[in-house]
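Hey, can you work out the whole structure from these sequences and the hints?
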Amino acid sequence: MAELFHRKIERSSIGFAIAIVAAASVGGIIEIAPLFTIDGTVEEAPDMRVYTPLELAGRNIYVREGCYACHSQMIRTLQDEVERYGPYSLAVESKYDRPMQWGSKRTGPDLARIGGKYSDFWHVAHLMNPRDVVPESNMPAYAYLARTPLNLNDLPQHLAVQQTLGVPYTDEMVENAARDAYGQAVPDTDFASGVSERYGEATQVRAFDGVATQVTEMDALVAYLQVLGRLTTAAYQNTAAPELPPEPVE
Amino acid sequence: MIDKLTYSERQSASFILVAVAVVGLLMAAFGNSNQLGVHGVIVMIFAAALLYPVLSAIYAPEPVEDREASYYDDPIKVGIVLAMAWAIFGMFMGVWVAAQLAWPNLAFDAAWSTFGRLRPTHTSGIIFGFGGNALIATSFHVVQRTSRARLAGQVSPWFVLFGYNLFCVLAVSGYFIGVTQSKEYAEAEWYADLWLVVVWVTYFILYLRTLARRKEPHIYVANWYFMAFILVVAMLHIVNNLAIPIAWSSAKSYTIWPGVQDAMVQWWYGHNAVAFFLTAGFLGMLYYYLPVRAQRPIFSYRLSILSFWGIVFFYMWAGSHHLHYTALPHWVQTLGMTFSVMLLVPSWASAGNALLTLNGAWDRVRSDATLRFMMAAAVFYGLSTFEGSFLAIRPVNALSHYTDWTVGHVHAGALGWVALITFGSIYTLVPTLWKRERMYSAALIEWHFWLAIAGTLIYIFAMWNSGIIQGLMWRTYTGENTLAYSFVDSLVAMYPYYIARAFGGLLFLIGAVIGCYNIWMTVKAVPSTVPARPDAPETAAAVPGE
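As given, the protein sequences belong to chains A and B, one line each in that order. Residues 4 to 253 in this note's numbering are what the first sequence spells out, letter by letter. Residues 11 to 556 in this note's numbering are what the second sequence spells out, letter by letter.
Please keep in mind that the hints were generated in silico from the structure rather than gathered at the bench. Note that the Cβ used here is the ideal one computed from N, Cα and C, for glycine as well. A few of these clues could be false.
Unchecked claim - Here are a few chain B residues that sit away from chain A, every Cβ distance over 12 Å (derived from the structure):
1) Met11
2) Lys14
3) Ala29
4) Ala39
5) Val64
6) Ala67
7) Tyr81
8) Val179
9) Val302
10) Gln305
11) Val355
12) Asn369
13) Ile403
14) Trp474
15) Leu516
Stated by the list, open to error - Now the in silico label distances, taken between C-beta atoms and shown as ranges:
16) A/Glu139 x B/Val33: 47 to 53 Å
17) B/His340 x A/Ser199: 35 to 41 Å
18) B/Val51 x A/Pro190: 39 to 45 Å
19) B/Asn491 x A/Ala128: 49 to 55 Å
20) B/Ser310 x A/Glu47: 51 to 57 Å
21) B/Ile68 x A/Glu175: 57 to 63 Å
Pasting the structure below:
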């Protein structure tokens with residue numbers, strides 16, 4: 004009977020195509036659509052803040068360089084991972100991440116909670132040549148980031164698109180994106196005070212690459228790495244977290 | 011090749027190429043990020059390189075013969091050549107990135123050659139460049155022969171083939187200059203993705219129109235798989251790549267999917283790229299070239315139906331097994347695991363159907379390396395689908411995920427299944443296509459076969475070892491209940507396996523180079539022949555298909 008039915012549909016290319024689309028749609032719809040409707044999918048975290056323009060620019064460098072190929076940003080709910088990297092990752096922690104960078108491979112360690120664990124100086128030295136600080140490392144050197152000035156001009160456009168997509172950037176943040184990016188990496192200027200005003204006193208404002216005269220891609224990437232895992236403290240509440248987020252190392 | 015087109019067809023081809031060049035010019039002129047500008051220039055060069063031969067032959071004599079009385083094989087020939095060229099490129103990049111993991115200074119302190127940028131040139135070069143071109147070429151061949159009808163278009167097959175290669179060039183060249191979405195296996199940016207949609211819709215229409223011309227009432231099973239490949243890849247590609255560019259003049263975009271939803275969409279895409287690009291399409295190849303080469307009919311029609319619909323339905327649920335123990339809700343993980351285990355049934359039905367087809371032809375498997383390529387492919391298909399279902403089980407995944415075991419699993423499939431079935435099909439196809447008696451050298455096919463098998467086995471054994479060691483070291487505790495190894499300890503333990511893996515990959519690459527030489531010499535040096543059975547479409551009164 005079933006075979007007879009199949010003999011019929013395999014005589015019609017349009018019918019066959021429709022049957023394929025129908026059969027192939029079910030799984031995706033059932034697994035994806037509820038992720039937008041079930042409330043508990045993304046936890047509440049009232050203290051969650053957005054990336055500053057400099058951190059977002061740093062994230063885009065992380066994306067551009069394909070860091071996901073070797074580093075995950077997703078601590079699984081396994082005891083050894085929690086002990087090695089910190090409290091397991093919550094969905095809310097990447098709710099402003101486009102694209103998410105959870106990754107699929109750890110040739111290097113997980114970076115979900117790398118923020119604050121090492122000094123800026125360590126990160127810069129490590130990115131300049133990883134083998135200077137970790138002799139056994141097989142990570143590429145990213146010395147060119149320190150030589151490349153950060154492109155600030157299109158940052159308002161970046162924030163505007165994020166705003167369209169639902170990230171709570173205010174119009175003021177969008178407007179001041181380029182100035183704020185500059186100010187966050189060049190402390191003791193008028194630009195710097197604007198960053199703390201708009202993104203909170205806890206925002207780290209300093210010359211991340213150690214040079215306060217210009218803003219490089221190194222500044223942006225280190226600023227991003229230093230905020231990873233620190234946008235909210237939600238992961239440290241009501242979980243089996245053994246510790247509090249690290250105090251920033253200057 | 012241009013001589014097979016009429017004057018008006020040459021005009022349409024020129025018009026399309028000029029339109030593409032104009033788009034490239036606009037990209038170059040308005041691209042305010044220099045990346046989009048670079049791509050504009052590449053688009054213009056690509057269009058100009060194709061426009062030159064068309065224009066220089068535009069007034070050449072038109073074809074006089076009845077084109078409907080012969081199959082349209084020119085685009086297939088070019089597709090095979092492109093597939094082999096991408097194979098060499100993609101495999102070379104693979105060996106290079108593998109070597110970088112063992113000797114990191116092979117990045118030479120440049121931006122374009124860091125591991126993060128080169129790795130997608132390897133994956134896209136192989137999956138899209140090699141795999142995609144091989145699929146387009148073989149699907150054009152299979153749909154014509156099984157329908158006994160010529161392709162339903164003169165310019166559109168070229169548009170599909172070259173348009174697709176433009177996508178591949180934009181994708182791969184983009185990674186070198188830092189244009190990437192960093193969505194795994196969907197790294198190409200928004201404008202390349204849009205272009206692929208145009209190409210893909212044309213491909214599907216061409217395929218349907220050719221099927222509509224068939225002289226057989228039934229659509230042969232290989233075409234079911236090619237249709238599933240085209241349709242579902244379109245669904246996956248469009249949904250996963252929905253994005254908003256920061257400006258029309260910029261290469262950079264943001265995906266509309268945030269965080270956890272992005273993760274689910276991404277792995278729904280990622281896993282089904284494996285299912286519908288790397289499995290369904292290549293099963294289409296298997297269902298045609300294996301029976302042709304073995305000169306045996308497919309073992310079971312019922313098994314074909316079971317495995318086809320099983321694969322189309324079950325696979326789409328399985329993506330979430332890439333996200334076990336993550337912030338993705340537990341119920342989705344469980345669904346993904348369940349369906350991944352159930353997938354073993356249709357997968358083994360396909361592998362079994364292929365191997366049982368060889369009953370009565372095992373003597374030929376022994377003597378004919380081409381058939382042996384396909385036999386080995388079916389075996390690796392069975393092995394890697396078993397491994398896939400196994401790795402999708404949550405507690406197993408706790409150990410294997412994030413380790414080299416995943417990489418080994420992927421390569422058991424990509425080298426052992428995808429590449430072997432492709433080489434077997436190409437060695438079957440090349441003499442038919444160029445109307446040659448045989449391949450240039452059977453001995454070289456033997457060499458290729460054994461290099462490929464040795465390379466694959468060295469590769470996957472190295473990755474099994476490194477992956478399992480890595481996973482175990484990460485979770486080993488001391489007597490005092492503290493973690494026994496630092497992350498760097500586990501990295502140090504990997505180095506011998508990274509060297510072994512690069513060596514295995516190198517053997518596989520050498521095999522592919524030998525294959526290229528063999529194909530080249532077949533076209534150049536083997537005497538041509540008239541096929542024993544006529545190789546032409548049926549032009550007599552058609553059996554109504556629909």
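Hint numbers contradicted by this structure: 19
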